[in-house]
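Q: Going down the list, the sequences are from chains B and C. Letter 165 of the first sequence, counting from 1, is numbered 165 in full-length UniProt numbering, and no numbers are missing. Letter 255 of the second sequence, counting from 1, is numbered 255 in full-length UniProt numbering, and no numbers are missing.
Just so you know, the hints here were simulated from the structure itself, not pulled from any lab data. Virtual Cβ for every residue (Gly too), placed ideally from N, Cα, C. Errors might be hidden in some of the hints.
Claimed, not checked - Result set (EDC-like, lysine to aspartate or glutamate): computed pairs, CA atoms no more than 16 angstroms apart in a straight line:
1. K341(B) / D202(B)
2. K18(B) / E55(C)
3. K39(C) / D202(B)
4. K17(C) / E7(B)
As the list claims (entries may be wrong) - Now the stretches of chain C that chain B is said to cover, found in silico as 3 or more residues with beta-carbon under 8 angstroms:
5. 221-229
6. 239-249
To be verified - Derived DEER-like restraints, expressed as beta-carbon distance ranges:
7. L33(B) / P103(C): 34 to 44 angstroms
8. S53(C) / L33(B): 39 to 49 angstroms
9. Q225(C) / G377(B): 34 to 44 angstroms
10. T35(C) / D332(B): 51 to 61 angstroms
11. T35(B) / E459(C): 48 to 58 angstroms
12. G66(B) / E459(C): 50 to 60 angstroms
13. Y107(B) / E283(C): 46 to 56 angstroms
14. E463(C) / E219(B): 31 to 41 angstroms
15. N63(C) / S46(B): 25 to 35 angstroms
16. D332(B) / E325(C): 34 to 44 angstroms
17. H131(B) / N63(C): 32 to 42 angstroms
18. E459(C) / K94(B): 49 to 59 angstroms
19. T35(B) / E10(C): 28 to 38 angstroms
20. Q198(C) / Q225(B): 55 to 65 angstroms
Chain by chain, the residues:
Protein chains: 2
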Amino acid sequence: MTRNIREVEESFINFVKKMESYNEAISLMFWDLRTGAPKKGVEQRSETIGMLSSEVFNMSVSNEMGQYLDALSAPEAKSELSEITKKLVEESKKEYDKNKKIPADEYKEFVILTSKAENAWEEAKEKADFHSFAPYLEKIVAYLRKYVERIGYEGHPYNALLDDYEPGVTVDVLDRVFGELREKLVPLVKSVTEAPAQPKTDFLFEHFSKDKQKDFSLEILKQLQYDFEAGRLDQTVHPFAVAINRNDVRVTTKYDEKDFRTAVFGTIHECGHALYEQNISEELIGTPLCDGTSMGIHESQSLFCENFVGRNYSFWKKNYSLLKEYSNGQFDDVTLGDFYKAINVAGPSLIRIEADEMTYSLHIILRYEIEKALIKGEIEVKDLPQIWNDKMEEYLGIRPSHDGEGVLQDVHWSGGALGYFPSYALGYIYASQIKNKMNEDIPNYDELMEEGNFTPIKEWLIEHVHQHGKMKKPLEIIEDITGEGLNPKYLIEYLEKKYKSVYEL
Amino acid sequence: MTRNIREVEESFINFVKKMESYNEAISLMFWDLRTGAPKKGVEQRSETIGMLSSEVFNMSVSNEMGQYLDALSAPEAKSELSEITKKLVEESKKEYDKNKKIPADEYKEFVILTSKAENAWEEAKEKADFHSFAPYLEKIVAYLRKYVERIGYEGHPYNALLDDYEPGVTVDVLDRVFGELREKLVPLVKSVTEAPAQPKTDFLFEHFSKDKQKDFSLEILKQLQYDFEAGRLDQTVHPFAVAINRNDVRVTTKYDEKDFRTAVFGTIHECGHALYEQNISEELIGTPLCDGTSMGIHESQSLFCENFVGRNYSFWKKNYSLLKEYSNGQFDDVTLGDFYKAINVAGPSLIRIEADEMTYSLHIILRYEIEKALIKGEIEVKDLPQIWNDKMEEYLGIRPSHDGEGVLQDVHWSGGALGYFPSYALGYIYASQIKNKMNEDIPNYDELMEEGNFTPIKEWLIEHVHQHGKMKKPLEIIEDITGEGLNPKYLIEYLEKKYKSVYEL
């Protein structure tokens, strides 16, 4: 019996490793498409990606997979499995059960729909014409309303979507934490907006050559101990980090010669994602557990780097002179204090991806409220522009002049990715909870920053977050670190303290 | 019945397209590994490549493939199939029949053996120690001797290996053409070596910056109508061209700042490979027929560009001033005539990949004679260094001082790729036959070169070679162009004429 279970376990692991091989190939193709693949080859490449993706899907619901899961889920088998195999079985079973509920032809239709919808969205955004996009979004919402019923959920139907991105986080939880956040942030934004002491920022926008920005970014990546033997930095249009495998985790950035912040803070952000993936426990290599545990925890790592490192005063105490060396004199007459304030400038803006850390969560909360109501059928697609604009005015005090800078700004809905947005705000909350706890363990955090000694910080993150990969669920990570669940208090405290200081309130 | 065949045909085509998708992913991984993939990720990447490769192998001998081939090879089916499907069936059947004869475990053992042998070879070459490599090569030869018996052959057992690289070309043919070539080249080499009028070459080796070499190479690629929207130029250690798909055909090069020829002639060579792949008929896209028809025909295209374009006097009449612009003054006092002679300098040398067009085939003939005798069991691995050195002396008049610059110089044998070398010399012969015929159709070839007008030449190559992909076999291509079979006469005439002129004989 035991012998038999060992054999099944081995075959099962080889099977999921094969799926991961396909995913590795897909990731490389994804990276390649976004960093310089010749455009005429894209059509064929897309077919290849589709072919491999559907192979992975087919394997996830195959009879072979079903047999492994049956055999390894049996009580007499379970007790003999390693922790890793148990987790692999659990994750694969979740995927299997969910994917089995989706009729293959409906799924395929949905994939085609979203691929068309993305094109339609791009045009609609360009022309600020919501009506041309609405029919696609209506079909997507209709599919997702049916999808959540098929998949099943407890409580709110939107929970079924949340589970794809942030397992364990539900509407009940989000209503509470996002409510609290909104209540505190809206007045903070108002007082920052009205503060007399607005930081000077004109010096940020002088010419900073692309090559020099790259050299500086590489220096910072080194300081943050990004492993260049297990990664590389490339240029792209929409920056991202991607783990092609655990020892090949690439970051990308984009350069704006009129605003160095795009590349520098972008690189630091992606570095946070990359450090996570580069430091997952080696024993998970080749399995689907060798991955960030959720979108939110992943974002917590990138935001930790971007905000608690990249926008930290002590970090710039160490690095401001280095930045000056690479720049073309734009900071010569700017004190460190003024520089620090300038890179922490905040205030209402229309576009999420350009938002600062104070207002960002409000952009997310708005989307969350809309998505939730859409899935439940409380609002309809045709009403979105009005709702969007009203909420923008309520939360941020500004109103889009057209839908291109309003409801049409993000790609996510056209891809059917409802349920994804909350992860971004969760990333801020998680990061603040993590930082608060780290302050106890590493009370000399700012001194370390000032010395450019990132080692203890990185080691702490590896121990508490990175190494676990998908072996722990997102809320397990947070609870094990902080002893409590999701709590927006620390983010609120951090933002209030920081912005009261920057804006001399 | 017809309805049924149509359905089988469609399923079969989807099946081979899926195999090609996997091959596309493998090609991208191959390119990536050689152009900057981080080294720590290589181990996992190799596993992924192995996983996808064995999947392709398994599909090629699967029951599903067997059923398609049975159904589509039946006489009543054949008459209903398109020419492309017929060819696809023929190629797949050849692969199926061959792969079926190889026991999976033996094949796997061989793959492991060659992967170890490649490491052993690298060390042995470094230390010029043939004895440490010999045991590996003995096993490889033993496997291949068994392999050719399994596969079967007509005439000489080496024919079974030749068929993998150059279908239709046999030992009988090669003995004749290589014999003729050797007979004419050996005295030519001798008279060139002893010629009093040796070209000056010192000016070739001055500092030429990498960036400027790259800019010049890009100019030349444009002139040769390499399609940059369906490709890109990258840097690597061992240059190659790779068709990831038909509209994504990448070239790579390497830069030696002390010898611009490496990059410039290397790029032109790889461009020849790339033009072939970029111009295969669009109706073959996604199928295994969308590929060069053989190693030899592929090499004929790269050598056509390298020698009949890159080393052509009129080409440099057009481009010498451009080269001067990019260089740092090294050609200021050098006439076009002297430059032309310098880039056509020839003479005996020990290393194949550094050999000139006059001596190159002799390096190949030596390897061919050894391989053929090894496979037939007429000689043994232990005798190779002696045989190698004797032949070098006989054909080229020079003798390696150690095995690192002799029998150990090439990687091919450690990978089990016996049968491959002849393709390089066939490339020279094919290219000369093609050029001879082109001279009739395009009598103003040199004028076009002088004008930088490559269009009629490229169109001619597309019509007669490129577009066909694997729809024609190598010798069909040559016969359709020239009306005759493989004939070394044109290569001999070309070399004799050229080198008598360069060396004023």
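Q: Taking the hints in turn, state whether each one holds.
A: Consistency of the hints with the structure:
1. K341(B) / D202(B): Answer holds: K341(B) to D202(B) is near 12 angstroms, not above 16 angstroms.
2. K18(B) / E55(C): holds (10 angstroms)
3. K39(C) / D202(B): Violated: K39(C) and D202(B) sit about 43 angstroms apart, past 16 angstroms.
4. K17(C) / E7(B): Violated, at roughly 33 angstroms.
5. 221-229: Since three or more residues must qualify, the claim that chain B covers the region 221-229 of chain C holds, with 3 doing so at under 8 angstroms.
6. 239-249: holds (count 5)
7. L33(B) / P103(C): 34 to 44 angstroms: With Cβ atoms ~40 angstroms apart, the hint holds.
8. S53(C) / L33(B): 39 to 49 angstroms: violated (23 angstroms)
9. Q225(C) / G377(B): 34 to 44 angstroms: The hinted range 34 to 44 angstroms is violated for Q225(C) and G377(B), with Cβ atoms some 58 angstroms apart.
10. T35(C) / D332(B): 51 to 61 angstroms: Given range 51 to 61 angstroms: violated, Cβ gap about 40 angstroms.
11. T35(B) / E459(C): 48 to 58 angstroms: Roughly 33 angstroms apart at Cβ, these two residues miss the hinted range, so it is violated.
12. G66(B) / E459(C): 50 to 60 angstroms: holds (56 angstroms)
13. Y107(B) / E283(C): 46 to 56 angstroms: violated (31 angstroms)
14. E463(C) / E219(B): 31 to 41 angstroms: violated (54 angstroms)
15. N63(C) / S46(B): 25 to 35 angstroms: holds (30 angstroms)
16. D332(B) / E325(C): 34 to 44 angstroms: Since the Cβ atoms of D332(B) and E325(C) sit about 38 angstroms apart, the hinted range of 34 to 44 angstroms holds.
17. H131(B) / N63(C): 32 to 42 angstroms: Once the Cβ atoms are compared, 53 angstroms apart, the range 32 to 42 angstroms for N63(C) and H131(B) is violated.
18. E459(C) / K94(B): 49 to 59 angstroms: holds (57 angstroms)
19. T35(B) / E10(C): 28 to 38 angstroms: Given about 35 angstroms between the Cβ atoms, the range holds.
20. Q198(C) / Q225(B): 55 to 65 angstroms: holds (57 angstroms)
Going through the hint list in order, the structure does not satisfy hints 3, 4, 8, 9, 10, 11, 13, 14 and 17.
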